[in-house]
Amino acid sequence: MAKKRSKNGSAMIVAIVAIILIIISGITAKQRENITVVEKWIGNLITPVQSVINTGVSSLGENISSIARLTKLKTENEELKKEVEALEKEVLNLSMSKSELEELKGLKYALNYIEDTEKYDTITASIVGKSPGNWFNIFTIDVGENQGIKKDSIVLDSNGLVGRVYEVGGTWAKVISIIDNNSSVSFQIMRDSSLQGIVTGSITNEVTGYLFDPLADVIVGDKIVTSGLGIYPKGITIGEIVEIDKSGDHLLKTIKVEPSVNFKRITKVLVMGPREIDY
Amino acid sequence: MKPIIISLIVILNLILQSTVFQWLKIYGVLPNTALILVISFAIYSGKNKGAMIGFFVGILHDIVFGRTIGLNALVFMITGYLVGLMDQKIFKDNLIIPFTLTALATVFYETINLLLIFLLGYRIELFNVIKKMLIVEVIYNSILSLIIYFYVSKLFKSSLMKKRY
Chain A
1 MAKKRSKNGS AMIVAIVAII LIIISGITAK QRENITVVEK WIGNLITPVQ
51 SVINTGVSSL GENISSIARL TKLKTENEEL KKEVEALEKE VLNLSMSKSE
101 LEELKGLKYA LNYIEDTEKY DTITASIVGK SPGNWFNIFT IDVGENQGIK
151 KDSIVLDSNG LVGRVYEVGG TWAKVISIID NNSSVSFQIM RDSSLQGIVT
201 GSITNEVTGY LFDPLADVIV GDKIVTSGLG IYPKGITIGE IVEIDKSGDH
251 LLKTIKVEPS VNFKRITKVL VMGPREIDY
Chain B
1001 MKPIIISLIV ILNLILQSTV FQWLKIYGVL PNTALILVIS FAIYSGKNKG
1051 AMIGFFVGIL HDIVFGRTIG LNALVFMITG YLVGLMDQKI FKDNLIIPFT
1101 LTALATVFYE TINLLLIFLL GYRIELFNVI KKMLIVEVIY NSILSLIIYF
1151 YVSKLFKSSL MKKRY
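Going line by line, the protein sequences match chains A and B.
Quick note on numbering: this note's numbering labels position 98 of the first sequence as 98, and the sequence is numbered without any gaps.
Quick note on numbering: this note's numbering labels position 101 of the second sequence as 1101, and the sequence is numbered without any gaps.
Don't read these hints as lab results, they were simulated from the structure.
Don't take every hint at face value.
Unchecked claim - Only pairs whose alpha carbons sit at most 30 Å apart, straight line, appear in this in silico BS3-like list of lysine-lysine: (1) B:Lys1154 - B:Lys1025; (2) A:Lys72 - B:Lys1132; (3) A:Lys82 - A:Lys246; (4) B:Lys1025 - A:Lys74; (5) A:Lys256 - B:Lys1089; (6) A:Lys246 - B:Lys1132; (7) B:Lys1025 - B:Lys1089; (8) A:Lys105 - A:Lys89; (9) A:Lys72 - A:Lys98; (10) A:Lys256 - B:Lys1049; (11) B:Lys1089 - A:Lys40; (12) B:Lys1025 - A:Lys40; (13) B:Lys1154 - A:Lys40; (14) A:Lys98 - A:Lys264; (15) A:Lys264 - A:Lys150; (16) B:Lys1002 - B:Lys1131; (17) A:Lys264 - B:Lys1132; (18) B:Lys1131 - A:Lys256; (19) B:Lys1132 - B:Lys1002; (20) B:Lys1089 - A:Lys223; (21) A:Lys264 - B:Lys1154; (22) A:Lys268 - B:Lys1157; (23) A:Lys223 - B:Lys1002; (24) B:Lys1025 - A:Lys264; (25) A:Lys72 - B:Lys1157.
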């Protein structure tokens, strides 16, 4: 009899804790302003260890994979040379349009046009750990509140947009990448800034999105950049369109995007302060 | 000695999972060594301790990497408890036990995760999840569990675990 009661007792405790946990996860599911002290301390303790291990392992891994890639280098070199030629031509074109742009800017100033006054101080950070689950695409970086990182700071790397800061601890911060399930970014086509839309990540780490205008003329290979709506400032590279699909109801034009950042190999990122617009 | 060793292993695993194991991804899927550890420990320590170990592994997970506090803790705790229920009923030296249990637990873990994530309002493509994640993860976890279980059972049989401080 006593044994039976104790058996039920432990089941009760598990059930009660389970209910409490469900409530807690319901509360914490939304974005919070600040994280609790306990979370901060645990993060502060674990991040340095991760940092040490990760730098060691990733440098080792990089070396091994670079040896493995030696054979590909030659073809890659030729491709790059061709690309340089094409780019040089483009530079010529661009320098011409640049002078035009400067003229227009002067005009804009004369007309007293309101502009985002965005000042960005960037901080370099290295990634110390990536989320162990397969559901979310979150990683921790080794800078935090003490270095002046705030929530919703924007994270970049040299190729383009990586994501945004989600939670900040003392010396660490969690970053949500744009390939995460719950991240969405508004974009515009680089070629024509009037073509805008929204891209979101997914569980399978594919970035898909749609254009506001179903008749917009986009082609595979179009580069997309952030449009400046929402928390991301304008003009950061997101990636390239690799697939265009018209959904069944013909109301939306959906696209699949290849991010310009290689999320598998990313080790260093740049963090900019959150976007503040003065009026 | 026992709680100290277990918590050390758990913390070490958490750190390794976020750093070294990122290089062990197969088709973009990470093995869930934390889950395997919880199962292995629960088989040897019964339902109460199994649930407790699961809870602590999960809550650590949530704090260091999670989006929402409580989600992993819940899943790991229930897994630990359910596996612990079988404590007395199974033959522990048989390697089929961890293999099947891990496969089942992985499906269970991901189903609850899916459900909770769905309830929390995230976007889910069920077909893609099964095709690109679940199948690979079940196989990967089950095979890894053989190795981890072997060492955990060795640990539990050694004199180190029986010593009291």
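Given hint A:Lys223 paired with B:Lys1089 - CA-CA distance at most 30 Å | It is violated: about 60 Å lies between the C-alpha atoms, which goes past 30 Å.
Pair hint A:Lys72 and A:Lys98, alpha-carbon separation not exceeding 30 Å | 37 Å, violated
Is the hinted pair B:Lys1154 and B:Lys1025 satisfied, with a Cα-Cα distance of at most 30 Å?
-> This hinted pair holds, its Cα atoms lying about 27 Å apart.
If you draw a straight line from the CA of A:Lys223 to the CA of B:Lys1002, is it 30 Å or shorter?
-> 56 Å, violated
Do the alpha carbons of A:Lys256 and B:Lys1089 lie within 30 Å of each other, as the hint requires?
-> 51 Å, violated
Does B:Lys1002 lie within 30 Å of B:Lys1132 when you go C-alpha to C-alpha?
-> Distance of about 38 Å is beyond 30 Å: violated.
Verify the proposed pairing of B:Lys1025 with A:Lys74, using a straight-line Cα cut of 30 Å.
-> Holds, because 28 Å separates the two Cα atoms, which is no more than 30 Å.
Given the hinted pair A:Lys256 and B:Lys1049, is their alpha-carbon gap at most 30 Å?
-> Judged against 30 Å, a Cα distance of about 47 Å means the pair is violated.
Is the straight-line distance between the alpha-carbon of B:Lys1025 and that of A:Lys264 30 Å or less?
-> Holds. B:Lys1025 to A:Lys264 sits at ~10 Å (cutoff 30 Å).
For the pair supplied as a hint, B:Lys1131 and A:Lys256, confirm whether the alpha-carbon distance does not exceed 30 Å.
-> 19 Å, holds
Is the Cα-Cα distance between B:Lys1154 and A:Lys40 30 Å or less?
-> Cα-Cα ~36 Å, so violated.
30 Å limit on alpha-carbon distance, applied to hinted pair A:Lys264 and B:Lys1132 = Roughly 17 Å separates the two Cα atoms, so the pair holds.
The structure does not agree with the numbered hints 3, 5, 7, 9, 10, 11, 13, 14, 16, 19, 20, 21, 22, 23 and 25 stated previously, though it agrees with the rest.
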